[in-house]
Structure formats: structure tokens, C-alpha cells
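Novice: Listed below are the residues making up each chain.
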Amino acid sequence: MSQVPDKLPDFRNLGVIARILIVVNVAAAVAAAVKATTFGQLTDAFLDIALVLEPVLIASLALLWAASPWLAKRPYWIGLALVAVGVMWITAAVVHLREAVDTEPLGIIRAGSFALLVTAFLAGYFHLRNRAFSPALAEARLQALQARIRPHFLFNTLNAVLSLVRKDPKRAEHALEDLADLYRIVMADANNLTTLAQELDLVRQYLNLEQLRLGDRLAVDWKVDEAPRDALVPPLLLQPLVENAVYHGVEPGVGPGKIEIAVRRDKDRVHVKLTNPYHPDYQHRQGNRMALANIRERLQLHFDVEAELASGVKGANYEIDIVMPYRKAKPDAAPAERAAA
Amino acid sequence: MSAAAPLRIFLVDDEEPARERMKEVLGDLAAELPNVVVGEAANGQEGLERLPERTVDVALVDIHMPQMNGIEFARHLATLAQPPAIVFVTAHDQYAIEAFELNALDYLLKPVRAQRLAAALAKARASGAVRRESLERAAAAAGQGARRFLSVSERGRIHLVPVAEIVYLKAELKYVTIHTAGRQYLLEEALSALEQEFGELFVRVHRSCLVARSRVRGFERVVDEDGEGAGWAVVLDGAAEKLPVSRRQWPVVKALAGG
Numbered sequence: 074m075s076q077v078p079d080k081l082p083d084f085r086n087l088g089v090i091a092r093i094l095i096v097v098n099v100a101a102a103v104a105a106a107v108k109a110t111t112f113g114q115l116t117d118a119f120l121d122i123a124l125v126l127e128p129v130l131i132a133s134l135a136l137l138w139a140a141s142p143w144l145a146k147r148p149y150w151i152g153l154a155l156v157a158v159g160v161m162w163i164t165a166a167v168v169h170l171r172e173a174v175d176t177e178p179l180g181i182i183r184a185g186s187f188a189l190l191v192t193a194f195l196a197g198y199f200h201l202r203n204r205a206f207s208p209a210l211a212e213a214r215l216q217a218l219q220a221r222i223r224p225h226f227l228f229n230t231l232n233a234v235l236s237l238v239r240k241d242p243k244r245a246e247h248a249l250e251d252l253a254d255l256y257r258i259v260m261a262d263a264n265n266l267t268t269l270a271q272e273l274d275l276v277r278q279y280l281n282l283e284q285l286r287l288g289d290r291l292a293v294d295w296k297v298d299e300a301p302r303d304a305l306v307p308p309l310l311l312q313p314l315v316e317n318a319v320y321h322g323v324e325p326g327v328g329p330g331k332i333e334i335a336v337r338r339d340k341d342r343v344h345v346k347l348t349n350p351y352h353p354d355y356q357h358r359q360g361n362r363m364a365l366a367n368i369r370e371r372l373q374l375h376f377d378v379e380a381e382l383a384s385g386v387k388g389a390n391y392e393i394d395i396v397m398p399y400r401k402a403k404p405d406a407a408p409a410e411r412a413a414a
Numbered sequence: 009m010s011a012a013a014p015l016r017i018f019l020v021d022d023e024e025p026a027r028e029r030m031k032e033v034l035g036d037l038a039a040e041l042p043n044v045v046v047g048e049a050a051n052g053q054e055g056l057e058r059l060p061e062r063t064v065d066v067a068l069v070d071i072h073m074p075q076m077n078g079i080e081f082a083r084h085l086a087t088l089a090q091p092p093a094i095v096f097v098t099a100h101d102q103y104a105i106e107a108f109e110l111n112a113l114d115y116l117l118k119p120v121r122a123q124r125l126a127a128a129l130a131k132a133r134a135s136g137a138v139r140r141e142s143l144e145r146a147a148a149a150a151g152q153g154a155r156r157f158l159s160v161s162e163r164g165r166i167h168l169v170p171v172a173e174i175v176y177l178k179a180e181l182k183y184v185t186i187h188t189a190g191r192q193y194l195l196e197e198a199l200s201a202l203e204q205e206f207g208e209l210f211v212r213v214h215r216s217c218l219v220a221r222s223r224v225r226g227f228e229r230v231v232d233e234d235g236e237g238a239g240w241a242v243v244l245d246g247a248a249e250k251l252p253v254s255r256r257q258w259p260v261v262k263a264l265a266g267g
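Order-wise, the sequence lines are chains A and B. What the first sequence shows, in this note's numbering, is residues 74 to 414, in sequence order. What the second sequence shows, in this note's numbering, is residues 9 to 267, in sequence order.
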């Protein structure tokens, strides 16, 4: 648990930017309140501070946005020192510019110490947040979840494969290969992002195995022609949801049950929609809610406020909608990962 | 039964490959333990429909099945005059397994080994049918919830009455009569146990009567049973007669009138 790597936040993430904006402005308001005695003075004091603070804030955010990928490659303490130096430099520049036009400028000492204090506070805040949402904790929770939902599928599948061994040894061989691939990924380190193409392959292998035991009862409608195959997604994003769809949507039905998997890209967003038949009498709601909570948490961990997960009953179906930012994998990363896996 | 007569086996499992596998293993055992599969079904309801006329010795029953699960199937089977022995088969169902062990019910884990199956069949042949109370306790312990059907024996066959079609249940001397909109059935169960199992769907209006909450249309004032003063009677959808509400139950039942 103590092995959480210290790292700077992703300065291109909307959630991170929003948090910085809020914290800095609240700090300015508090500083103004300390100076003021009446409400009128408070507004004046805040405006005085804002004249210097807002340009510094916007310029700093722009600089951090531009430097974010480069900063992320530096060691944590060096990155942090560079951020502090950058912010101080911008503060000094803005104060200098104000001095040219302002009769009563905000001194460099006051502005500088304020900037340093707020930067230190934000660094501490993001540091703690990183700890709280540590991938190690999330991974522990994920593994507990998987241990809970796996056995039903594993033993039924092994039983189905056994039924093939004598009659159709070739199919039995393929099924065991699919099972091995599936478990290799399930047991792998779940912290790094994978590509959408790999996640969809995993879902396909999983559904092949389910088809083996469920036969005609399972129908799958793939709508993935427009899927951005190089999009980065948390590993095991879709497979647990599809497993739920089979368990709650197909297995309780006597006739064929259809699962629809639709993935498309809309500018810089990736939309995933999963639909399965809804059987109100057969809901093991707790299992389903655990899987959803787990995936929502991992989406938040990787994409912060930029990802959304919505679920609900629509008519005779249960639907899950996921929207997440489109982050491209480096062209060489995916094949290398696959070779390693 | 003579030792030479093959064991008559009935298979219930919703997965076709699982039934195929079970037949393979039974085939492997045939030399050691003569057996014949006399029928198979893909869920509990189909199982009750397809149950052969002639006696079945052992039913091998999967638990997790659509429409009617294995435990409910076994409970209905137990109402037969000569019910078969039951061996449950499951891939992984922690609650059910704990419930079976507590109530001394036999079960097999998938994938099933031939030797383990042979032992279970031999034991089932020796001990015969499972006691109905053990099944009921196991069903309650496994968190299976209420049954979806009540079963009544009619000329050696099991007739299923969907719980959703029942208008009211009335306790007679030894039986409970089930009243649906169309007809009546005799049920060998206790009204108090039914009230416990179906409390969400039925409400007691009288010492001897449970009515479906969804069927309550209204209440009418009537002369009391004992002729002393006036009481209330409940009017139901799908029943011609009005059923008296006892004074004791009136405060509970009254609340339904508003809704």
C-alpha cells in the first residue's frame, strides 16, 4: 500500500483545472477578507488581488497545460520544483507589468509569498488525492470483485469444455486457449490503460466461451465499426459489464436473449452503450451494483470528471452508457503491450 | 426393486452441454452401476411437464435455471405420491451449498467426477426421496424467496398454479383451498406457512383466509357472522363471494382500502 508512486496531476484534465481555479480564488477571497473590515472594502481588496492573481493564474494554467506531458516524465520533486519556479516567474512578470500602470501596486513580496503558499497547498492536496485514489487500493477492490463473480462462469465453462473433449476435440482446444487468454488478462496488473481494440478482443473471447454453453440462447449484436480502436481505456472496463449482461439478461431467459454492444467516437469523446434484456424477477442487484461502482471508480481514477457512466431500465431492456475522453494510444504501444502479454 | 433393474434417471439443466456431459459420465458408469436416462428438461417448469409417467428413481437437478430454479422444482416434485430422490448439481452457489449441508441434502459440484456421481446415486437409491420439510428449510436458507407456483397433485401428475393468478386462499379442515378466478384446487399446506412465504403478496383478513393484496377492490358493511352488530367484508376482483374481515384483522386490512 505504501508503494503509491508520487506524481504530478494531469494538468490537461478538466477536473484538475477546475480544482486549481476554485482553490486559488477561494484563497484570494480569504486573503481579501483578512484585509477588509466592511463589505465594500472586501470587494475592493478582492479586485486588487484579482488584478494580479487572475493573469498569473491563467498564464500558469496555460504553461502547465503546455508542459504537462514533459513534466510528467520528470521525477516528482524536480517536476514540483519546476512548477513552483514557473509560477514564481510568472508572478514576478505580472507584478512588474502592473507596476508600470498601477499607482499602488501589489508588492512582489506579498504576491510572491501568496503564490508560493497556494502552490504548496495545491501540491499537498493533489498529493493526498493521489494517495486516496491510489491504484493499489482500487486494484485490491477490483480483485475482490473478480473473485466474487468468477466461479460460476469458470466452473460452468470447464464443464462445457469437458462435454466437447470426446466429440469435438478441436473446439475444446480453442475453448481452452480462449480461457487461458481471458485469465491471463484478468490476473494481470490492472493499473495501466489498455486499448479499446484489446478490450473488445477480450470481450469477444469471453462471449465465445459463453456461446459454448448457452448456444442459441445468447445472441450478440456488435456495433463497433466506428469504434476508435486506438482509444485508451481502463483494462476490464467492458468485460465485467458484459458478464453481468449475460448473467442477468440472458441466463434467466428461456428463449434467445440479445446483447448489443455499440461503440463509437464523437469528436474527442468515446461512447460505449451496452444493452441487454431486463428480467425484473431475477435481479441479484448487489452483484450488479458492485461491478458498476467498481468501474465508475476506475473511470474516475483514470479520467476524473471527464468520464461518465449511466445505467437504468429502458422498457424491456437494461442499458449502460459510458462516455469517456478519447485518448489515443501511441501507435507502437499497443503491439508492444500485446507481445509482452 | 431388484439389483439388476437399471436406475431410472431424470436430468434437469438449462445448459445443453452440461446435460450431454452428465450423460457421458453416466454412460461411463453403466457397467458398474446400471442406469438409464428416462428424460431431460431445460428448466424446472419443463421438468414437471416432461416428467415420465413411470416412476423416476433419481432426479439430477441444476440449481441456477431460468423460469423455475432447481430448488423450486424439487419442492413441487416432493408433492408427488412417489417422489424421486433428488441430487442437486451446481457449478458454484455458496448459499445453496450451505443450505444443503445444513439440511443433509446431497449435491454434486460441476464438473462432476464419475466416482462422486456413482456414490451420490448409490446413496440416493438407498435413502429414497428427500423430506419435504428439509427442502423447504433449504429453500428458505438459500434465500430463494417465494415460489412462483403452488403445486397440486392431480391423478398422479403435478399441476402448477401460478401464484399471480390466485385470488384468495382459504383454510379448510385439513387442506387449504386455492381460489383463482376460474376454479379451485386443494393444497396440502398450512395457511400460516403460506402467509409467511407470501406475506408481500397476500394479507390475512380472517383466521382462515388470505387474500391477494392486488385483488382487493373495496369493503362493504355486512351483518357479523355471529349476528351481533355489523362487520366488514372484502370485495375481490375475480371472486363472486364477499369474504368477512375479522375484527382483529380490520385495522391491518383497512389500510389497503385507501390505496
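Please note that a few of the clues may not be correct.
[What the hints assert, rightly or not] Derived coverage of chain B by chain A (criterion: at least 3 residues anywhere in the stretch with Cβ under 8 Å from a Cβ of chain A; other residues may be distant):
1) 24–30
2) 64–78
3) 115–126
For the record, the hints were derived by calculation from the structure and aren't laboratory data. From the three backbone atoms N, C-alpha and C, an ideal C-beta is built for every residue, glycine too.
Novice: Apply the coverage criterion to the stretch 64–78 of chain B and chain A: a residue qualifies when its Cβ sits closer than 8 Å to a Cβ of the chain, and three qualifying residues are needed.
Specialist: With 3 residues in contact (Cβ-Cβ under 8 Å with chain A), the coverage given for the stretch 64–78 of chain B holds.
Novice: Count the residues of the stretch 115–126 of chain B with a beta-carbon closer than 8 Å to any beta-carbon of chain A: does the count reach three?
Specialist: holds (count 4)
Novice: Count residues of the stretch 24–30 of chain B with a Cβ under 8 Å from any Cβ of chain A, then say if the count reaches three.
Specialist: Since 5 is at least three, the answer is holds.
Checked against the numbered hints above, the structure breaks none of them.
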